[in-house]
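Based on the provided sequences and hints, a complete structural model is requested.
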Amino acid sequence: MQFTSAKLNVFLFFKLPSAFWSGVRVKNITTEKCIAAVKHSWFNQNPFNSMYFAVQAMAAELTTGALVMYHIKLSRKNISMLVATNKSSFSKKARGRITFTCTQGNVISDVIEKAVATGDGQTVWLESQGIDEQGDIVSQFSFEWTLKVKQ
1 MQFTSAKLNV FLFFKLPSAF WSGVRVKNIT TEKCIAAVKH SWFNQNPFNS MYFAVQAMAA
61 ELTTGALVMY HIKLSRKNIS MLVATNKSSF SKKARGRITF TCTQGNVISD VIEKAVATGD
121 GQTVWLESQG IDEQGDIVSQ FSFEWTLKVK Q
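Residues 1 to 151 (our numbering) are what the sequence shown spells out, left to right.
One or more of the hints may lead you astray.
[Said to hold, decoys possible] Listed next, the in silico DSS-like pairs over lysine-lysine satisfying Cα-Cα at most 27 Å (straight line):
id	residue 1	residue 2
1	Lys148	Lys73
2	Lys7	Lys77
3	Lys114	Lys73
4	Lys33	Lys73
5	Lys7	Lys148
6	Lys33	Lys93
7	Lys87	Lys148
8	Lys150	Lys33
9	Lys77	Lys114
10	Lys87	Lys15
11	Lys15	Lys92
12	Lys148	Lys77
[What the hints assert, rightly or not] Quick list of the computed label-pair ranges, beta carbon to beta carbon:
id	residue 1	residue 2	range
13	Thr31	Val10	19 to 29 Å
14	Asp120	Trp42	41 to 51 Å
15	Thr118	Asn49	44 to 54 Å
16	Gly119	Arg95	43 to 53 Å
17	Gly119	Ala6	31 to 41 Å
18	Lys148	Pro47	34 to 44 Å
19	Glu113	Glu133	30 to 40 Å
20	Glu113	Gln45	41 to 51 Å
21	Pro47	Asp120	37 to 47 Å
22	Lys77	Asn49	37 to 47 Å
Hints in this document: simulated from the structure, not taken from any laboratory.
The beta-carbon is built from N, C-alpha and C at its ideal position, and this holds for glycine as well.
This is the structure in structure tokens:
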């Protein structure tokens, strides 16, 4: 699979349909960062007239996971990936369009190189922030990814 926003959104439709139907979309991906957005709507709301936390988590995880997938593809190695732990905090109601960004592509590349060189599983914490249309941070997520070269 090519790593373009369009290809990743097709991937969402088939492999992560709950994220797709909730409105999560990849807007941009490079080796350094991934940006995804989701708009608050009737379908993804909570009883408090804001975006359900799990929808925000799907968008945030996507920004980190897509970057990991991208770097695994660039390594041309058979590497498994899995979220081991996640942490989140919410500072404001998520209304309107929320944009999530992870900018740690360089960190992922280093961890993959270490996994390949040592043959040992590696972990990496990746962060994604959700920012509303006014530029305010509404949520912050951290995901601990485990990476291991398959034998």
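Hints versus structure:
Distance restraint check for Lys148 and Lys73: the Cα-Cα separation of roughly 14 Å lies within the 27 Å cut-off, and the hinted pair is therefore satisfied. For the given pair, Lys7 sits about 21 Å from Lys77 by alpha-carbon distance, which is consistent with the 27 Å threshold. About 16 Å separates the Cα atoms of Lys114 and Lys73, which keeps this hinted pair within 27 Å; it holds. Restraint check for Lys33 and Lys73: the C-alpha separation of about 15 Å stays at or below 27 Å, so the hint holds.
Restraint check: the Cα-Cα separation between Lys7 and Lys148 comes to about 25 Å, which is no more than 27 Å; the hinted pair holds. Of the supplied pair hints, the one linking Lys33 and Lys93 holds, its CA atoms being roughly 25 Å apart against a limit of 27 Å. The suggested pairing of Lys87 with Lys148 holds, with an alpha-carbon distance near 22 Å, which does not exceed 27 Å. Of the pairs offered as hints, the one joining Lys150 and Lys33 holds, with about 25 Å between alpha carbons and a cut-off of 27 Å not exceeded.
For the hint pairing Lys77 with Lys114, the CA-to-CA distance comes to about 12 Å; that is within 27 Å, so the pair holds. Between Lys87 and Lys15 the CA atoms are separated by roughly 23 Å; this keeps the pair inside 27 Å, and the hint holds. For the proposed pair Lys15 and Lys92, the alpha carbon gap of about 30 Å is over 27 Å, so the pair is violated. Only pairs whose Cα atoms come within 27 Å are accepted, and Lys148 paired with Lys77 is accepted, the gap being roughly 10 Å.
Between Thr31 and Val10 the beta carbon distance is about 20 Å. The supplied range of 19 to 29 Å therefore holds. Checked against the hint of 41 to 51 Å, the C-beta distance between Asp120 and Trp42 comes to roughly 47 Å, which is consistent with it. Take Thr118 and Asn49: their Cβ atoms lie about 49 Å apart, and the range 44 to 54 Å holds. The given range of 43 to 53 Å is respected by Gly119 and Arg95, whose C-beta atoms sit roughly 47 Å from each other.
Taking 31 to 41 Å as the suggested C-beta distance range, the pair Gly119 and Ala6 conforms, at roughly 35 Å. Separation of Lys148 from Pro47 is about 40 Å and conforms to the stated range, judged on CB atoms against 34 to 44 Å. Separation of Glu113 from Glu133 is about 38 Å and conforms to the stated range, judged on CB atoms against 30 to 40 Å. For the pair Glu113 and Gln45, the beta carbons lie near 42 Å from each other, so the given range of 41 to 51 Å is met.
Our hint of 37 to 47 Å for Pro47 and Asp120 holds, since their Cβ atoms are close to 45 Å apart. Range check, Lys77 to Asn49: about 46 Å between beta-carbon atoms, so the 37 to 47 Å window is met.
Hint compliance for this structure: hint 11 is the single one not met.
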